[in-house]
Amino acid sequence: MSLRPLRQRLLPYAYVAPALIVTGLFSFVSMGISFYTSFHNFDAFAGESGYVGLANYQRALFEPDSYFWLALRHTVVYVVLSVAGVLLSALPLALLCLRARYGQAIFRTLYFLPSITPGVVLALVFYHIFGVWGQLLDSSSTALPALALLGVWAGAGYNMVIFLAGLTEIPRHLYDAAEIDGAGRLQQFRHITLPMLRNTLVFVTVMTVIGSFQVFTSVYIMTSGGPERSTEVIAYTIFINAFTVAGQMGYASALAWLLFGVIFAFVIVQMKIFRSRKVYDE
Amino acid sequence: MSSRFSRLSVTALVVMVLGAVVVVYPYAYMVGSSIKTRKEFAEDKISLVPARYQISQRLLHARGEPSALDWPGSDWSVVRNYVDAIRYGEVDRYLANSFIYAVIITSLQLFFNVLAAYAFARMEFRGRDLLFTLLLCTMMIPPAVLLIPNFLVIRELGLVDSVSGVLLPSLAGAFGIFLLRQAFLNIPTELEHAARIDGCGSWGILFNVILPLSKPALITLGLFTFMGAWNMFEWPLVVLSNQDYYPLTVGLSLFRSETSADWPRIFAASVMGAAPLIFLFLLAQRYLVGGISLSGMKT
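Chains as they are written, first to last, in our numbering: chain C, 1 to 282; chain F, 1001 to 1299.
It is worth saying that the hints were derived from the structure and are not from the lab. Be aware that one or more of the hints could be misleading.
[To be verified] So the derived list for chain C, only partly shown, Cβ under 10 Å to chain F, looks like this:
#, residue
1, Y15
2, P18
3, G32
4, I33
5, L88
6, I129
7, L174
8, Y175
9, I238
10, L255
11, F260
12, F264
13, A265
14, V269
Quick caveat: nothing in here was measured; it's all calculated off a predicted structure. Just so you know, even glycine gets a beta-carbon here, dropped at the ideal spot from N, CA and C.
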């Protein structure tokens, strides 16, 4: 093995190098820089200006002028609404799509359109549609749910396709056996479909949680965080602090790390919850 | 039993059709508003069809009665806002930028991902499994968290406000390498042995044996990458300040922030921004849908 010529031994590294340099640079290296930055005063264009210890984190977590908790609360509300909305729309749609005798392919195509349309375009269109439907974006009590509604509308079709794939994997004979045992449709759904779909459910839930924790485009285009900061979510707070207020890069980095921690905690809790459920073994 | 089945399938069909209406409505709204005059959109944000094209108005007009066709601006041509968006909003340049970004990102990302995936799938080298695990770890970092740090890296490299700054972070990706590696692993090694006996090196094997057999995975990844690149918004928004480099998404957000936003024209630009992807999707649907099912199976 080690007697191979040097060129032969180095070849694999040459193959993986470009990809690893790019992915490594824009994940580990940049996270390292961000970690460093979060302990400093830092201006996006002027550069670093002094070590400040935990001050950025302290400011985010404890100071009364910090919008971290407010933004986190809004983000969590948005995530919960989105996940509930996506699960309650995508799964029923997938079940119905399989039952519809005609047009399955057409439905699949149409329902998929939102996920291939630029988010900016969707936000611009819904900005007016929500206006037509009674000024949803003008009131601080309806703006955030309206944004979540857009998220659900845009994500339902994509996740329906994932559910369809999961549903077609379920062996037919399980339903046949249940039918012979006299199980009704609801019982079949409860005792066959749901448990067999477990992996897909976990996947859709986790991906929706991660995705909606980072919601930015619709907020930026439609509300700019308003009215009265009612739609200020974390990704937006980070963006505003890092790129529009001078000298806040370190503070924004601290916010980004806090967001990372929150997402990570959520995903782990979710995994734990899903893991603990018993499923049928073959 | 059969009557129950058909009732269920009829209900399903009805619900799916209603759902389709809900999905299509915003597109109809966008297209309809994009052919209104500015004045008409200001007065009527609801109707999907501009008054001058509504059948009732046409009938009134045919009977010689006063109708929307007598309003000023009723000769506003269907393509007028589109032409104006290109002429005054430079949407053609934004579209060209988006296209160039998407093409470069897609081709280079495919190339680099293929090389890495091939090495991870078929070559023996020290540290391979560790590197692959680290690579997979990068998929767990949410992009929103990477926004600032990636900007700082680009800034260190002196690439702020440049095309390379927009492109660089997307030139390779863990998901793509993972997807291609899976595809490569499914190809029987006997084929490669045969090629090796015929005198093929690893480069020749990759291009003559592996790639032709992995076409579906390559097309799927290519489509995903192209769509991601076409739709990217936050990253170019942060990196670029020179409008000449803006992709369409950022250009659209710029129109929106103008105080006297010309909405019908913005909708025309939106239609032009959404249409290429929808067209691409209709052409290559089966690869995309297959790819999504694949990503769903990943867990």
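- Per-residue hint verdict: Y15/C, partner chain F, C-beta under 10 Å: holds, 4 Å
- Once the shortest beta carbon distance from I238/C to chain F is found, is it less than 10 Å? Since the shortest Cβ distance to chain F is 7 Å, the answer is holds.
- Message: Min Cβ distance, F264/C to chain F: is it shorter than 10 Å?
- Response: At 8 Å from the nearest chain F Cβ, F264/C passes the 10 Å test, so the hint holds.
- Quick one, is the I129/C hint okay against chain F at 10 Å, beta carbons? Cβ of I129/C sits 6 Å from chain F, so the hint holds.
- Message: Restraint: Y175/C near chain F, CB-CB cut 10 Å. Satisfied or not?
- Response: With a minimum Cβ separation of about 13 Å from chain F (threshold 10 Å), the hint on Y175/C is violated.
- Query: Does the nearest C-beta of chain F fall within a distance shorter than 10 Å of the C-beta of L88/C?
  - Reply: violated, 13 Å
- Evaluation of the interface hint that places G32/C against chain F, nearest CB under 10 Å: The hint holds - G32/C has a Cβ within 10 Å of chain F, the shortest such distance being about 8 Å.
- Query: Are V269/C and chain F close enough, Cβ to Cβ, to be under 10 Å, as the hint says?
  - Reply: violated, 15 Å
- Message: So, as I understand it, the hint says I33/C touches chain F; can you test that by seeing if any CB pair is closer than 10 Å?
- Response: Since the shortest Cβ distance to chain F is 5 Å, the answer is holds.
- Per the CB criterion, is L174/C less than 10 Å away from chain F? Since the shortest Cβ distance to chain F is 18 Å, the answer is violated.
- Query: Would the stated hint for P18/C survive a check requiring a Cβ distance to chain F of less than 10 Å?
  - Reply: holds, 5 Å
- Task: Under 10 Å, Cβ to Cβ, is where A265/C needs to be relative to chain F, so tell me if that hint holds or is violated.
- Result: With a minimum Cβ separation of about 13 Å from chain F (threshold 10 Å), the hint on A265/C is violated.
The structure shown violates the earlier hints numbered 5, 7, 8, 13, 14.
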